[in-house]
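**Student:** Each protein sequence line maps, in turn, to chains A and B. Residue numbering for the first sequence follows our numbering, starting at 200 and increasing by one per position. Residue numbering for the second sequence follows our numbering, starting at 2 and increasing by one per position.
Hints were generated in silico from the structure; no laboratory data involved. Careful: at least some of the hints might be erroneous.
[As the list claims (entries may be wrong)] Pairs of lysine to aspartate or glutamate, EDC-like flavour, derived with a Cα cap of 20 angstroms:
(1) A:K324 with A:D307
(2) A:K417 with A:D321
(3) A:K452 with B:E142
(4) A:K457 with B:D149
(5) A:K457 with B:E142
All values derive from a computational prediction rather than experimental measurement.
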Amino acid sequence: MLTILFDGVAYGMLLFLIASGLAVTLGLMNFVNLAHGAFAMAGGYLAAVLSNRLGVPFIATLPLAFVLSAVLGALLEPTLYRRLYARPPLDQVLFSIGLVFMAVAAVDYFFGATQQFVRLPDWLKGRIDVGGVDIGNYRLFIIVVCGVITAGLQWTVAKTRFGSRLRAAVDDRRVASGLGINVNVVFLATFAFGSGLAGLGGALGAELLGLDPTFPLKYMIYFLIVVAVGGTTTVTGPLLASLLLGVADVAGKYYVPKLGAFIIYSLMIAILLLRPQGLFAPRGSR
Amino acid sequence: MPPAPLPHGGELARTSHWKPYEAVVWVVAALALLVFPQQAALWNEIAILALFAVSLDLVLGYAGILTLGHAAFFGTGCYAAALFAKYALHDPLAGLAVGMLAAAVLGFVTSFLVLRGSELTRLMVTLGVASILYELANRFEGITGGADGLQGVVMGPLLGRFAFGLDAKVACLYSLCVLFLLFLVARRVAHSPFGYSLKAIRDNPTRAAAIGIDVNRRIVAVYTLGAALAGAAGALLAQTTAFASLDVLGFDRSADVMLVLVLGGTGYLYGGVLGAVLFRVLQDALSAWTPQYWQFWLGLVLVVIVLIGHERIVRRWQALLRRLVRDRAAAPMERR
């Protein structure tokens, strides 16, 4: 029972790490980016290739996955994404579906359609027993890493100068740029950072989530759920939503495997019907 | 010279006149079957895809409801028709009606889910409904056949006389006729005051409500109608291939039909037909060239279309269609 809870929390933290970048682009910049999972996949594949073919230790691949995805995001934001910020959502949906198709086929072309595995170091493979609860080292590691990053994220958005610039730029683009904030640079940095976090999550979760070319499509709805249910005005909203999703999914698959994702989707629709702005939206928000 | 005042309703009557290019589209469609009968299976597929895209056009192009789960209705119609043929009657027309009805009921029920919330909420809800149906079809293998697909669908002869043969000629003719008839329905709706009120809702729901349009009821109505047409397309697929598989409910199908519609252009119904032809040609050409990786190029086409602006493409198509038939007397192009 507690093991399921623990596994669910690890899974949820991972979802949050990947989806947090999406919360910014989708929630704050109002860009429906269905291709977010592709950045996570890029990070995952980099980790797989580095650790399996070149023998780079797993821990070292994590920052590299972050950097690769962030660079990818930094390249795509000014060239492609920026042109579409003001377009209707239909355009954004089509555009990002197109990107997903391209990413899926390209990864299939270079790495094949089979599932990739990341070689974990031995100290992450074991399990420990804490007061009768069976805890996997790997999942514990995920929780710790994601927890630290989440705290950092919260601190950055709430307390730093960059965070207040970002919030200002999101609240009102024109006024923010009138105050001397370089909105383009803020958005670029945020997009790149969000993509980087997705890449890190992809690398970190390659073992847990499974890595194959259809990854962006398979998890697209999960990332979207986190953002839609969690709301986008805070860091804690999506975090709680992903934890809820993670625990519900793991528990659902364990207790009623027949119904699988059915419960998750129904729950999501029910929540969105009752609270169209998300579960944790403050009163009177958009 | 000021234009003569039109009689009441004259504007609608004028814009709903049949234009020469519309006749050309249907004559070409009929000729395609006559000239290339050996390609009947392909024309059949195109007709079904066109009907599916037209149904999406009503929902997305006219009413502006952004949906990522239109395949839910296609799949419902498909499974309903297949199950009906397997367990009840083999008559195709009855099966078609059952497929449409099932999809329409689902559309009516789920239409209340898309009334509230932002674009993102709608997106998630439509996607969620389609995913739920996919999961259900996957789990209840006893009924749907699960991942193996529904086998053993037997179709009776059409109107009790014309049997579906292996050469797909009857199937193709059947699909074309259904497409034509349902297209007439969609066309009638689109050119009616109701259709114009949908465009008003799409362009600005608040103003539409302010001038007395009951936004919610109209969205429910058009969503149900769109679902019924999508269900008809699904039923046609099940009947002409005597098979139903899980992918009729998949996300790829919803994404594909969106691409079809955007290729042809949204908001004028012929976009669906034109897009279906283009999409199949594109798909065939790409998959002949790179069988495994054609999705990459499909994705690229999507990205490029969006960057160019798909509305510009619509205008280009309409101008081309007009020029083809020297339709100088045509109504001035619709302004958006």
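**Student:** Would you mind marking each hint as holding or not holding in the structure?
**Tutor:** Results for each hint:
no. : hint               : verdict
1   : A:K324 with A:D307 : 28 angstroms, violated
2   : A:K417 with A:D321 : 29 angstroms, violated
3   : A:K452 with B:E142 : 18 angstroms, holds
4   : A:K457 with B:D149 : 17 angstroms, holds
5   : A:K457 with B:E142 : 11 angstroms, holds
Against the hints set out earlier in the document, violations occur for numbers 1, 2.
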